[in-house]
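Could you put together the complete structure from these sequences and hints?
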Amino acid sequence: MRYACLIYFDPRKVFDQSPEATAVLRDSGPYNEELRANGHMVTDQALQLPDQAMTVQVRDGKMSATDGPFMETKEMLGGFIVIEARDLNEAVRLAAGIPLARLGFVEVRPAVDYSKPRPVL
Numbered sequence: 000m001r002y003a004c005l006i007y008f009d010p011r012k013v014f015d016q017s018p019e020a021t022a023v024l025r026d027s028g029p030y031n032e033e034l035r036a037n038g039h040m041v042t043d044q045a046l047q048l049p050d051q052a053m054t055v056q057v058r059d060g061k062m063s064a065t066d067g068p069f070m071e072t073k074e075m076l077g078g079f080i081v082i083e084a085r086d087l088n089e090a091v092r093l094a095a096g097i098p099l100a101r102l103g104f105v106e107v108r109p110a111v112d113y114s115k116p117r118p119v120l
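Counting in numbering that gives the first Met the number 0, the sequence shown runs without a single skipped number right up to 120 at its last residue.
Just so you know, these hints were derived from the structure itself, not from any lab. Among the clues, some could well be false.
[Stated by the list, open to error] In silico SDA-like cross-links for lysine to any residue, where the CA-CA straight-line distance does not exceed 25 Å:
no. : residue 1 : residue 2
1   : K12       : K115
2   : K73       : G96
3   : K12       : R25
4   : K115      : H39
Below you can see the structure in the form of structure tokens.
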């Protein structure tokens, strides 16, 4: 099953050039290579900072786009890794190895299986 590992962090901590941040950034590439070598990596992508983003919405057939996102939080979505894992427990174990989890956090979310019924809310 596929899982998205959404990586959130405070860029002031990740890019402050502290020894811990330097180690986390140094360790990220090799961990991704380990995931590839073990057959768990589907894809990964780092994202630019939110000040380079646009937020788009369509209401009543009209599109609006604004700079941003603007959130009341220090942490931002900094990237994602899509992995293959047997189950959520294995996905969480793999996500715990993502070096940026040491400075931020990783949300592990199962991908939708379109062969199953939609959730009932």
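Non-conforming hints, listed in increasing numerical order: Of the numbered hints, just 1 does not hold.
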